[in-house]
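I would like the entire structure built from these sequences, with the hints used as guidance.
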Amino acid sequence: MRTGDYKQTYGELVALIDSPPVWLWSAVLLLALIAAPFVLNSYALSFVIIILITVTGALGLNILTGYTGLISLGHVGFLVTGAYAYAVLVSKYHMPPLVGFLGAGVVPALASLMVGAPSLRLKGLYLAITTLAFSFIINTVILELRWLTNGARGIQVQRPEIFGISFDSDAAFTYLCLAIAALTLLATLNIRRSRVGRAFVAIRDNDTAARVMGINLHAYKLFAFVTSAFITGIAGALYGIYLSFVSVEGFPFLLSIEALAILIVGGLGSALGAVLGTILIVLLPEATRIVFSLFSAQMDATFTTGAQELKSMLYGLVIILFLRFQPRGLVGAWHDIRRAWVHWPLRY
Amino acid sequence: MQYLIQLLISGLAIGAIYGLIAMGFAVIYKSTGLVNFAQGEMTMITAYIAWTISTTVSGNVFVVAVGAILAAVLLGLVIERLVMRPMLGEPVFATVMVTIGLAVILRSAINFIWDAYPHGLDVGMGRGIVHLGGIGVRTGQIAVIATLLFLLAAIWAFFRYSKVGVAMRAVAADDRTALLMGISATRVHALAWAASSVIAGIGGVFFALSYDLSPAMFQLGLKAFPATILGGLDAVLGSGLGGLLIGITENLAGGYLGSGMKEVAGFAMIIVVLMVRPFGIFGERDIERV
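Protein chains in written order, with this note's numbering: chain Z, 1 to 348; chain E, 1 to 290.
Note that these hints are calculated values from the structure, not bench results.
Incorrect hints may have been included.
Here are the simulated DMTMM-like cross-link-like pairs (lysine to aspartate or glutamate), alpha carbons at most 20 Å apart as the crow flies [what the hints assert, rightly or not]:
| id | chain 1 | residue 1 | chain 2 | residue 2 |
| --- | --- | --- | --- | --- |
| 1 | E | Lys262 | E | Asp212 |
| 2 | Z | Lys92 | Z | Asp205 |
| 3 | Z | Lys92 | E | Asp212 |
| 4 | Z | Lys123 | E | Asp212 |
| 5 | Z | Lys92 | Z | Glu144 |
| 6 | E | Lys163 | E | Asp175 |
| 7 | Z | Lys123 | Z | Asp170 |
| 8 | Z | Lys123 | Z | Asp205 |
| 9 | E | Lys262 | Z | Glu144 |
Dropping the structure here:
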């Protein structure tokens, strides 16, 4: 059992997986996810799919808000652009799905340059407000560009077929989402431990100091915006495919709040946090519904009629309670528990 | 010409409502340094309470007005005490996220306490039409513009002459020094939340008078946002005037460029303002110490 850190080189400190148990558990998790489509029924599987898609999106926002400390209230704007880019390329112009996914990343990335460039002069709250404005403007742009996006009518999207493999069934689609989520997780973890990631964190902790140390603020902030929008756009495309219909109504503003809630609940600036937060936030409404139905059938009925309202109320409550009592999120709680476990009965 | 004047007048009227809510934003920002993303929702709740009073107790204007103001004060105080005060001293990001969480909760609460259907607030006045030189204007529209101007003057005098107003400015300028001078920062914060809730609530009630109450009313907060940015987040009077400017711009854009533009005119303006003068027309430039 580990009793402390015995790392001697920088390489050991930044290693992705630093001990055999972590290897073991990661492998177990991966195998469990691969086995999931065979074991779970379609209702449970739909939660797995949503979690995988949401993890991708949350990791995207994590690069911007968690690592670089730039608050975005308009991430749903990137989601919806990604979904529309995919839908327009694949459903309207009959491009191959891989091109669609590339477009779903590149188009939001370009859009993020447009919102990112003016935001370079802004900090904190003002940036949050600009991104909020961006997400409303992008909705109107989509509704107005009728020749391209069908306006309010939306676009139908089929499940893709890549390299001759059809992702039509839910099981196959789970694997597609799993592959993309795993790739994204690897990518963000690697960004975090590279020079770029250290620059992001330096900007978050103190941008003036970072600049004094020779970090090009403009370049790195834009890079954070572009990477984040790219990943979020791909998550948007996956979500659009999952809904099998892309429209502005399918991407309500609440998704931006949900994404921030995930990061806060999980723990800002941690990839593990984004994963834990997603699992909690996605399963929370369902868990609450089950608890409610235990009490009485009448409460269960309230839940089905006011599902959307109860869901957003839960998000709000969770955000407030976590910020108040556990600002470091689930990751912070996990670290505390681990430390207590290792050092017990000593305090530290 | 007739069309233009009509657009300008209705722009001024809706702008006055934005202005009132924007002043609500500014009062809180000025004394506590945070943007209250739940402002639109608080406005909506005050308007709904006014509607409940008008339908259950009495439709008399004064009863409704007094009841709504008292309810708004109570709402502001309760939110400050229960939600915001525990967050005192936490980073700005955390506190602002708390207001976002609060906004989501209040927005859903409307659907549970009241219902999802639109209602008209009827206090027996405000919907009549007065003809001014051939142009029909609702009395409610005149009243809201007058209220905004009156409140602008009253708040200016309050901050300039009253002891409490000076204390609020002191806390805004430097809360630690203000504390050393014997000003209770928490009391000032509570006062700011109550005042902001009342000012914005008045805007909400006027909106319900001229248009309709519905759970989508929280969007007023989003619409008033550009007004605060334009006027300056820390400039209460500037925000009020910013509201008028945004209302007119929005109506002109809607009238001449199409209804899609009406929705985003304010937001497009935010981005322009933030690029050119991030602290707003009347706001103070932040000087950062390293």
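Consistency of the hints with the structure:
1. E:Lys262 - E:Asp212: holds (19 Å)
2. Z:Lys92 - Z:Asp205: Measuring from Cα to Cα gives roughly 45 Å; hence the hint is violated.
3. Z:Lys92 - E:Asp212: violated (40 Å)
4. Z:Lys123 - E:Asp212: Judged against 20 Å, a Cα distance of about 37 Å means the pair is violated.
5. Z:Lys92 - Z:Glu144: holds (17 Å)
6. E:Lys163 - E:Asp175: holds (16 Å)
7. Z:Lys123 - Z:Asp170: violated (43 Å)
8. Z:Lys123 - Z:Asp205: holds (13 Å)
9. E:Lys262 - Z:Glu144: holds (12 Å)
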